[in-house]
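Chains as they are written, first to last, in numbering that gives the first Met the number 0: chain D, 0 to 195; chain X, 0 to 431.
Hint data in this document are derived by calculation from the structure and do not stem from the laboratory.
Hints should not be assumed to be uniformly reliable.
[Said to hold, decoys possible] A few chain X residues that don't get close to chain D, going by computed Cβ distances all over 10 Å: (1) 133; (2) 247; (3) 253; (4) 266; (5) 400.
[As the list claims (entries may be wrong)] Straight-line Cα separation of at most 30 Å, DSS-like style, residue types lysine-lysine; simulated pairs: (6) X/173 x X/88; (7) D/166 x D/103; (8) D/166 x D/31; (9) X/88 x D/166; (10) D/103 x X/248; (11) X/234 x X/248; (12) D/31 x D/9; (13) D/103 x X/221; (14) X/202 x D/103; (15) X/248 x D/43; (16) D/9 x D/103; (17) D/43 x D/31; (18) X/336 x D/143; (19) D/65 x D/103; (20) X/173 x X/248; (21) X/184 x X/221; (22) X/234 x D/43; (23) X/221 x D/43; (24) D/172 x X/306; (25) D/31 x X/351; (26) D/166 x X/405; (27) D/170 x D/143; (28) X/358 x X/405; (29) D/103 x D/3; (30) X/405 x X/202; (31) X/351 x D/170; (32) D/170 x X/306; (33) X/173 x D/103; (34) D/65 x X/202; (35) D/3 x X/248.
[What the hints assert, rightly or not] Facing chain D, a subset of chain X residues (Cβ under 7 Å, in silico): (36) 83; (37) 252; (38) 303.
Everything numeric in this text was worked out from a predicted model, so none of it was measured.
For each residue, glycine too, the CB sits at the ideal point set by N, CA and C.
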Amino acid sequence: MSAKVLDALKAAHGDAIAFVETQHGDAIAWVKRDQLLAVATWLKTDPAMAFDAPVFATCIDRLDWKPQHVPPGPQVYPASAAWTDDGAHPRFEVVYQLRSSTHKHRLRLKCAVPEHDARSPSLAGLWPAFEWQERETFDMYGIKYDNHPDLRRIYLYEEFVGYPLRKDYPKEKRQPLVRRDDLPMNPIKSPTGGHR
Amino acid sequence: MAAPSTPPVGAPPPGDASSRSLKQLVLGRKDVQDLSDTEQELPPDLMTVNMGPSHPAMHGTVRIVLTVDGERIVAADVHPGYLHRCFEKESEYATFTQVFPYTDRLNYVSPMINNCGWAMAVEKLMGLTGHLPRRAEYIRVIVSEISRITDHLTCLGASAMELGAFAVFLFFLKAREWLYELLEKVSGARLTHSYVRIGGVSKDLPPNFHAELTLCLDQIVKVMVEGEGLLNNNKIFRDRMAGIGAMTKEDAIATGCVGPIARAAGVDYDVRKDYPYSVYPEVEFDVPVGTTGDCYDRYLVRIEELKQSIRILRQCLTQIPDGPIMVDDPRVTLPPKAATYNTIESMIRHFKHIVDGIKVPAGEAYAFVEGGNGELGFYVVADGTGRPYKAYVRSPSFVHLSTASKLIHGHLIADVVPIFGMINMIGGECDK
Chain D
0 MSAKVLDALK AAHGDAIAFV ETQHGDAIAW VKRDQLLAVA TWLKTDPAMA FDAPVFATCI
60 DRLDWKPQHV PPGPQVYPAS AAWTDDGAHP RFEVVYQLRS STHKHRLRLK CAVPEHDARS
120 PSLAGLWPAF EWQERETFDM YGIKYDNHPD LRRIYLYEEF VGYPLRKDYP KEKRQPLVRR
180 DDLPMNPIKS PTGGHR
Chain X
0 MAAPSTPPVG APPPGDASSR SLKQLVLGRK DVQDLSDTEQ ELPPDLMTVN MGPSHPAMHG
60 TVRIVLTVDG ERIVAADVHP GYLHRCFEKE SEYATFTQVF PYTDRLNYVS PMINNCGWAM
120 AVEKLMGLTG HLPRRAEYIR VIVSEISRIT DHLTCLGASA MELGAFAVFL FFLKAREWLY
180 ELLEKVSGAR LTHSYVRIGG VSKDLPPNFH AELTLCLDQI VKVMVEGEGL LNNNKIFRDR
240 MAGIGAMTKE DAIATGCVGP IARAAGVDYD VRKDYPYSVY PEVEFDVPVG TTGDCYDRYL
300 VRIEELKQSI RILRQCLTQI PDGPIMVDDP RVTLPPKAAT YNTIESMIRH FKHIVDGIKV
360 PAGEAYAFVE GGNGELGFYV VADGTGRPYK AYVRSPSFVH LSTASKLIHG HLIADVVPIF
420 GMINMIGGEC DK
């Protein structure tokens with residue numbers, strides 16, 4: 000079932016698709032960033048695809064990706080993503096999982112996002128569920144979604160500095176919103192200038 | 000010292016002087032008769048009301064900034080995150096087995112389903128899906144369905160209590176306690192079970208489990224008759240639930256709603272039927288689907304799902320086979336204790352297994368189960384070490400909460416309570 004979706008996707012948008020793969024039965028399509036919105040629109044509206052139900056949106060940070068015990072068969076990342084124009088492996092992957100409620104097939108869209116230009120087109124206009132999920136990804140990974148209706152932090156407070164799910168954010172780092180004497184840390188400077 | 004015969008200039012007249020100054024100074028407002036004509040009219044502008052984050056009628060901690068016109072809500076901004084405990088960051092530093100206690104704390108009303116979901120994601124990466132012993136699969140289905148019953152009983156009981164039916168809350172939580180006691184006998188813990196393991200379950204069902212579960216189910220059926228009798232045609236309950244927070248089928252699909260909320264809106268989607276996993280194809284059950292998508296339909300769908308879960312459990316008890324409870328695969332299974340203490344090879348394997356974790360081949364997989372609130376998925380990226388490179392949980396509560404501001408739009412402030420009750424936002428799952 001997944002191969003059929005990938006074949007149709009390649010036939011319709013061959014130049015926008017960088018790479019397709021199937022991992023453990025999950026269909027994955029790598030889409031070029033500037034054409035992600037067009038491909039997503041087609042996936043939603045085409046009656047043979049009809050991906051009407053969003054499942055989740057997230058991001059992967061490949062900063063210290065050094066795979067071991069790679070199974071035989073087609074190479075997994077980063078070999079599959081060497082297609083970027085500047086030749087470097089992009090640091091981030093924006094991930095969207097879609098489901099069709101009529102055809103019951105599923106598809107994972109991926110889009111490579113380099114660190115120096117961490118932005119991606121928002122799909123919240125097509126699937127409203129992605130509005131909060133993209134906010135969550137922005138909150139945790141710092142991906143800026145173009146044309147997002149309301150891109151704010153969602154779990155954390157606006158004074159928070161950094162993006163906690165990035166691999167270079169230390170796990171033990173603390174940023175309390177109110178002063179805590181047991182932590183050797185400067186209080187956070189609020190946007191209005193004063194210390195809390 | 001002589002008392003002044005005349006009051007000083009500018010002072011309020013004697014008599015009610017003390018009470019008026021108290022009102023003006025402390026309460027900061029005037030009596031109605033002291034207001035000018037323009038001041039006496041109600042202010043025409045909208046008012047902002049802060050609800051939460053710790054509100055007695057909220058499940059968990061969530062804050063809503065409501066903009067109200069009189070008592071009608073014209074805009075709502077929902078702020079989750081007050082229970083954020085960094086599930087995903089912590090998981091990246093834990094071995095695949097050590098993540099199970101974290102999953103217990105996602106949806107803490109039905110931890111067994113979370114355990115199963117995580118185990119299935121890792122098993123998918125290791126190619127173990129479909130190779131588990133059948134007894135282990137049956138045990139997983141049994142504990143999952145018990146968890147679904149506890150989840151729905153909590154949701155319905157708490158919602159009924161918020162609408163004034165306190166007796167139903169006590170009845171349902173009494174029934175939930177029987178099941179918690181049963182799960183405590185199975186796993187050793189009342190609430191955070193950590194019972195499922197990658198490749199099976201940690202221990203077999205206790206002796207006499209069948210008889211005790213059968214007795215429990217018979218009693219729960221009686222409790223549900225009581226609860227339904229108090230609620231189904233209760234005028235107060237129906238007035239507060241029917242027509243409140245309705246959602247169309249198209250909206251439910253586009254906003255990613257799953258589980259009882261989507262089914263109440265007419266979406267015929269149940270992971271157990273549409274993407275069957277484990278031994279669900281071998282048991283018979285129906286998927287209830289509503290028509291109006293309002294709070295009352297969500298209530299009815301959950302009631303019917305309780306009955307279907309009881310039906311599944313009864314079938315499982317008759318069909319469960321004997322046999323091993325863990326897959327026979329040295330990659331995921333600990334060596335037997337006798338071998339661990341008596342042979343050096345098993346000792347090393349045990350040590351590597353605990354310290355380094357289960358070696359999962361590099362790759363990524365998304366596995367999902369039908370949780371108490373709908374499709375609960377785990378998206379795991381492995382880099383070949385014993386720890387996940389990335390662990391993402393697709394929590395249904397988070398997706399459902401994102402629709403809340405639209406659902407409560409146009410309703411009264413009092414309607415926020417049943418709508419939130421039927422969304423059944425579980426703080427741990429929503430905030431991760």
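We went through each hint and held it up to the structure:
1. 133: Given a closest Cβ separation of 21 Å, the condition holds.
2. 247: Non-interface label stands for residue 247 of chain X: nearest chain D Cβ at 13 Å, farther than 10 Å.
3. 253: Nearest chain D Cβ is 6 Å from residue 253 of chain X, so the label is violated.
4. 266: violated, 7 Å
5. 400: Violated, since 8 Å does not exceed 10 Å.
6. X/173 x X/88: violated, 36 Å
7. D/166 x D/103: Outside the cut-off at roughly 35 Å; violated.
8. D/166 x D/31: Cα-Cα ~24 Å, so holds.
9. X/88 x D/166: holds, 9 Å
10. D/103 x X/248: holds, 17 Å
11. X/234 x X/248: holds, 27 Å
12. D/31 x D/9: holds, 13 Å
13. D/103 x X/221: violated, 38 Å
14. X/202 x D/103: Since the Cα atoms of residue 202 of chain X and residue 103 of chain D sit roughly 35 Å apart, the hinted pair is violated (cutoff 30 Å).
15. X/248 x D/43: holds, 16 Å
16. D/9 x D/103: With a Cα-Cα distance of about 20 Å, the restraint between residue 9 of chain D and residue 103 of chain D holds, given a limit of 30 Å.
17. D/43 x D/31: holds, 17 Å
18. X/336 x D/143: violated, 52 Å
19. D/65 x D/103: Roughly 34 Å between the alpha carbons, so the hint for residue 65 of chain D and residue 103 of chain D is violated.
20. X/173 x X/248: violated, 35 Å
21. X/184 x X/221: holds, 23 Å
22. X/234 x D/43: Distance of about 43 Å is beyond 30 Å: violated.
23. X/221 x D/43: Roughly 47 Å separates the two Cα atoms, so the pair is violated.
24. D/172 x X/306: Judged against 30 Å, a Cα distance of about 47 Å means the pair is violated.
25. D/31 x X/351: violated, 42 Å
26. D/166 x X/405: violated, 35 Å
27. D/170 x D/143: Since the Cα atoms of residue 170 of chain D and residue 143 of chain D sit roughly 23 Å apart, the hinted pair holds (cutoff 30 Å).
28. X/358 x X/405: Measuring from Cα to Cα gives roughly 44 Å; hence the hint is violated.
29. D/103 x D/3: holds, 12 Å
30. X/405 x X/202: Violated. Residue 405 of chain X to residue 202 of chain X sits at ~45 Å, over the 30 Å cutoff.
31. X/351 x D/170: holds, 24 Å
32. D/170 x X/306: Not satisfied, since the Cα-Cα distance of roughly 44 Å exceeds 30 Å.
33. X/173 x D/103: Roughly 39 Å separates the two Cα atoms, so the pair is violated.
34. D/65 x X/202: violated, 35 Å
35. D/3 x X/248: holds, 27 Å
36. 83: Cβ of residue 83 of chain X sits 5 Å from chain D, so the hint holds.
37. 252: holds, 5 Å
38. 303: violated, 21 Å
Hints 3, 4, 5, 6, 7, 13, 14, 18, 19, 20, 22, 23, 24, 25, 26, 28, 30, 32, 33, 34, 38 from the earlier list are contradicted by this structure; the remaining hints agree with it.
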